[in-house]
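Read in the working numbering, the sequence shown has 1315 at position 46, and its numbers run on one by one without any break.
Worth flagging that the hints you see were computed from the coordinates, not collected in a lab. Treat the hints with care, since some could be wrong.
So the derived label-pair ranges between C-beta atoms look like this [what the hints assert, rightly or not]:
#1 V1270 - F1308: 15 to 25 Å
#2 R1385 - L1299: 32 to 42 Å
#3 A1349 - R1294: 21 to 31 Å
#4 R1381 - E1318: 23 to 33 Å
#5 E1389 - K1322: 45 to 55 Å
#6 L1333 - L1272: 17 to 27 Å
#7 V1270 - L1332: 17 to 27 Å
#8 P1384 - F1304: 27 to 37 Å
We put the beta carbon where it would ideally sit given N, CA and C, even for glycine.
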Amino acid sequence: VALLAVLAFTTGVGLLLASANVYFRDTAHLMGIVFQLWFYATPVIYPYEHLTKVLGSDSPLLLLYNANPMVQAVNVVREALYYHQWPSALSLGYLVVASVAVLLIGWSVFRRFEPRLAEEI
């Protein structure tokens, strides 16, 4: 379920960026930087628990950090594969809702601009 949610999320982001790249050619260059920053803002290399120790469990920065859907995706996959535990329903639910929302937004933006994409290219 988590991997399907990640697939939906990345498809939605891809559709948004595909539409933006047609109209704004620098999108590809800017997104290279944004994706690198996003990678370091996601607990891929470091465990999530280290961040909660550094920031504190009641920090407003931690709430903002948890809004990143990829944090939930990495934590859900890590819990399942590394710790052999069922992921929490809250984490999995947030991941699925955020992924479906991004997919629907990306799809609607792409469908709206699709008729004019060929003219712009």
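Do the hints match the structure? See the list:
no.: 1; hint: V1270 - F1308: 15 to 25 Å; verdict: holds (23 Å)
no.: 2; hint: R1385 - L1299: 32 to 42 Å; verdict: violated (22 Å)
no.: 3; hint: A1349 - R1294: 21 to 31 Å; verdict: violated (40 Å)
no.: 4; hint: R1381 - E1318: 23 to 33 Å; verdict: violated (42 Å)
no.: 5; hint: E1389 - K1322: 45 to 55 Å; verdict: holds (49 Å)
no.: 6; hint: L1333 - L1272: 17 to 27 Å; verdict: holds (25 Å)
no.: 7; hint: V1270 - L1332: 17 to 27 Å; verdict: holds (24 Å)
no.: 8; hint: P1384 - F1304: 27 to 37 Å; verdict: holds (29 Å)
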